[in-house]
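**Student:** These protein sequences, in sequence, are chains H and U. Quick note on this note's numbering: the first sequence kicks off at 78 and runs consecutively. Quick note on this note's numbering: the second sequence kicks off at -10 and runs consecutively.
Certain hints may be false.
Computed, partial: chain H to chain U, Cβ under 10 angstroms [what the hints assert, rightly or not]:
1) A93
2) V94
3) L96
4) S108
5) V192
6) G321
7) T328
In case anyone wonders, no lab produced these hints; they're calculated from the structure. Nothing here was measured: the structure is a model prediction, and the numbers come from that model. The beta-carbon is built from N, C-alpha and C at its ideal position, and this holds for glycine as well.
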Amino acid sequence: MPERLRHLARWEAALAVALAAVFVLGVTSSSEFTSSYNLFTLCTNIGDIAIIALPMTLIVMVGEIDLSVASTLALSAETLGYLWGHGWPMAAILVVVIAIGGLAGAINGFLVTRVGLPSLAVTIGTLSLYRGLANVVLGPQTVSNYPTFFTNLGVENFPGVPFLSWSVVIFFVLAIITGVVLHKTPYGRSLKAIGLNREAALHAGIRVPRVKMGLFVLSGVVCALVGMLYTFELSSAGEGIAIGFELKVITIVLLGGVSIFGGVGTIAGVALAAFVYAGLHSVLLLSSSFNDNDFQVVSGGLLILSVLVPNLPSFAQRIREVMRRRAARNRASAGALERSA
Amino acid sequence: MSTAAQPPPAGDLASPRRLVELVLRARTFGIVVVLGVFVLITALIQSRFVDGGNIRFILTQTSLYALVAVGEAMVILTRNVDLSVGSVVGLSAFVSANQFGAHHFPIFAVFLVGLGVGIVCGIANGAITAVGRVPSLVVTLAMLYIIRGVDTIVVGSGEVVASTEPNGFLAMPQATLLGIPDMALAVTVIVGIAAYYLSSFRSGRDLYAIGSDPDAARLAGIPIAKRVFMAFVISGALAGLAGVVWASQYATINSTAAGGLELQEVAAVVVGGVAIFGGSGSVVGAALGALLLQTITSALNTVGVSSLWTEAIAGFLLVLAITLDRGIQLRLSAALRRRRVRLGA
Chain H
78 MPERLRHLAR WEAALAVALA AVFVLGVTSS SEFTSSYNLF TLCTNIGDIA IIALPMTLIV
138 MVGEIDLSVA STLALSAETL GYLWGHGWPM AAILVVVIAI GGLAGAINGF LVTRVGLPSL
198 AVTIGTLSLY RGLANVVLGP QTVSNYPTFF TNLGVENFPG VPFLSWSVVI FFVLAIITGV
258 VLHKTPYGRS LKAIGLNREA ALHAGIRVPR VKMGLFVLSG VVCALVGMLY TFELSSAGEG
318 IAIGFELKVI TIVLLGGVSI FGGVGTIAGV ALAAFVYAGL HSVLLLSSSF NDNDFQVVSG
378 GLLILSVLVP NLPSFAQRIR EVMRRRAARN RASAGALERS A
Chain U
-10 MSTAAQPPPA GDLASPRRLV ELVLRARTFG IVVVLGVFVL ITALIQSRFV DGGNIRFILT
50 QTSLYALVAV GEAMVILTRN VDLSVGSVVG LSAFVSANQF GAHHFPIFAV FLVGLGVGIV
110 CGIANGAITA VGRVPSLVVT LAMLYIIRGV DTIVVGSGEV VASTEPNGFL AMPQATLLGI
170 PDMALAVTVI VGIAAYYLSS FRSGRDLYAI GSDPDAARLA GIPIAKRVFM AFVISGALAG
230 LAGVVWASQY ATINSTAAGG LELQEVAAVV VGGVAIFGGS GSVVGAALGA LLLQTITSAL
290 NTVGVSSLWT EAIAGFLLVL AITLDRGIQL RLSAALRRRR VRLGA
């Protein structure tokens, strides 16, 4: 355990340094980087993704994964568009959307915990299923006549702080709650226990299936709510909304030092990673030679690096082991030769 | 310890092994039955569905999906997954077909370019997964976006249009031999080769061993990293070839070509009876899974269901297939345990 903690502390310190470096890079490369407008754009770009990263962190923590987040978000956004287009009141839509998100998560959770299927396979399937349903709900049309009270969530800053978007404020509040729950409560410890050793957690009396089920439902509901928020920010809901969000979310979670095998990670790391990611995106976009497609490549590279780097020490160790084994084999074969001779 | 390594007397294992084989064969046969029922019902509603032209169309479409599914199946057999195939097909389609206009390459050279693009992508996937020991899910998810990003950069604002491609290339999907599309025949040969390789070659059997129990495979001395690397390279190579096929079928290629293909491929492979945990299934099943998915898509179009449903149905079938397989697996292992008890082993 101490070994692991030390590793984590190093990882977060590295992220903090990276964040500072990105900030310095931004300030030196463009005078616009620190403008309220740019920082506000940075915040709106990352807020929604960072919010989804929180339940994803918990799911990865227990050794599972949810690839259907972007599709659940889209299903919620398209449902919002459809119902609003049919004259439903916003309060009723909110209830329906939460129910849909919960149901989407419950289907994932049921297949993983009760049927015993790997979450990877299940959520690849529901990624396609929920996205397909989202396409069917609204078809090729777009709905965009939402009341300004809601769409202002996307264009107005948090009162008094000109560069802060509402989504980032919501993220901070949720991150603090999630952080306290994960790191300071028995429930949070049980999540880590499940991720580190599922059998031991079962024998310690943790209701593993129920906990996992809860996390998938939570993820579904959060994605559905973010779907509404995201729709308001874009002030429209249409086909192909939030495609590829799952990559960004998983990149942030793994870059934040959460182990893909479960049990290890902190919310602080994930929050730092979110802003390293957003800052890098902003710096690259400000330099004229970069566009969003280029950042797709950077983003994928970051994801690979964030899982490859923690493997490097064991990689070096493996090389040493292979060398030793090869030397031993050589000695053995030399011995065999002597005996046969 | 040497006695443990010896195979137990044949009599003890013969009947359980036969049972396993029977169930697996029944699983493949099940797809054929579902396929038959689907074709029958659709044909009763709309007889146009079974005329020669439509069947040839379905077979040509399937040959592309089946080609990628063969490689995907080999990767999934090793308990990995290749989510980057859609991007590889897209990149290969553009880069290869672009050679007609840019350098006036002959058709076979364009196929080589596509193959090369695929192999490079496969090497990248395989090296990071097998050597870096990073979960293939993460690697290939990242590669999905990296390769697509590279594709977008390479394509820029341009696209390949039909007028730059030779007529012989665009006529390939229509070419037939004895009424069967050439492409379907070629892919059948590739499926046959892959099936023979997987069932009869040591390195092919190793893929099953790695997928069913990686730890046991390592202890048995199987070079896991090498085999997994090879599976990814084959998957990339076949996706690269499929990119050229894509180019010949669609003629117009921009940077979004074959987006989302990976989901349909994973669905085809799993519906075709390859266990998502690896270790069991066949490439013939995977190809049949691709045929089933394409037939269902075409059937829905024929009876007037919107093509918007295609994606949802592929996802639903994937979930249904893994649920069914899980059920079969539980029943089968229970049955095997009962037999073992009866045999007193």
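**Student:** Compare the structure with each hint and give your call.
**Tutor:** Now for the hints, and whether the structure bears them out:
1. Violation of the interface hint for A93 (chain H) is found here, the shortest Cβ-Cβ separation to chain U being roughly 24 angstroms, above the 10 angstroms cut-off.
2. The beta carbon of V94 (chain H) comes no nearer than 23 angstroms to any beta carbon in chain U, farther than 10 angstroms, and the hint placing it at the interface is violated.
3. Below 10 angstroms, beta-carbon pairs count as interface contacts, and L96 (chain H) has none with chain U, the closest being about 22 angstroms; its hint is therefore violated.
4. Taken as an interface hint, S108 (chain H) does not check out: its beta carbon lies about 28 angstroms from the nearest beta carbon of chain U, beyond 10 angstroms.
5. The beta carbon of V192 (chain H) comes within 6 angstroms of a beta carbon in chain U, closer than 10 angstroms, and the hint placing it at the interface holds.
6. Hint status for G321 (chain H) relative to chain U: holds, with the closest Cβ pair at about 7 angstroms, below 10 angstroms.
7. Checking T328 (chain H) against chain U: minimum C-beta separation of about 8 angstroms stays under 10 angstroms; hint holds.
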